[in-house]
Amino acid sequence: MANSTTEKTKTAPAESMSMMSVLAPALGWLIPGAGHMIQKRWIRGLLLFVSIVTLYLLGLAMQGRIYRANGGDILDILGFIGDVGAGALYILTLANDWGQGAIAFATADYGTKFMIVAGLLNFIAVADAYHIAIGKKQ
Amino acid sequence: MTITLNHFSAAAVFALFASIVFGITHRETTRDMVRYGLYCFAMFLGGVLVAGWAMWLIRR
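Each protein sequence line maps, in turn, to chains A and B. According to numbering that gives the first Met the number 0, the first sequence is numbered sequentially starting from 0. According to numbering that gives the first Met the number 0, the second sequence is numbered sequentially starting from 0.
No wet-lab data here; the hints were simulated from the structure. Keep in mind that this is a model prediction, so the values were computed, not measured. This list has only true hints and no planted wrong ones.
To spell it out: a stretch of chain A is covered by chain B in this simulated footprint if at least three of its residues, at any positions, have a beta carbon under 8 Å from a beta carbon of chain B; those stretches are: (1) 39–48; (2) 60–66; (3) 103–111; (4) 121–131.
Listed below are several chain A residues computed to face chain B (Cβ distance under 8 Å; list not exhaustive): (5) Val116; (6) Lys136; (7) Gln137.
Yeah, the Cβ is synthetic: ideal placement off N, Cα and C, and Gly gets one too.
Please take these sequences and the hints and turn them into a complete structure.
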């Protein structure tokens, strides 16, 4: 009897932790920094949000190009993987048909790289949110 | 709206935001995060300056 009570108290936090370990990365991918905010790391989450979103929006404002799902050139595939890391920002960009890229601007290529890096940085933030959720990091 | 940044300002903006994310995600304590973020920022900008001067020397 005592054993079953002990088992219940042991499994309850483990279940909530496993739920958070799925929810935090998923939310963090969709909205940069949200994976930290949901775990009450408000300042970290806010800084991640501002950094990643600003970098992505700057990329768009610099007439950067968005990569769509493709099976062609390896660099195009890698560009797509980077861009998709931005989550909702990427979906929003596709939905509004933004990020067409302008050859007229010499700095448009910087913008393209800004958007890819914003997505890649968000992948790192997602991994960090996961590590916090499983207790590997404070 | 179109924003045009020159090479150095683009590199500085990139370095700033990438350093913030690196600092937060690669260290445990707040103090270490700030120190690592500053270190990354200095390395990014230092790398830009070194690479810039190296390319200037190669060109001559």
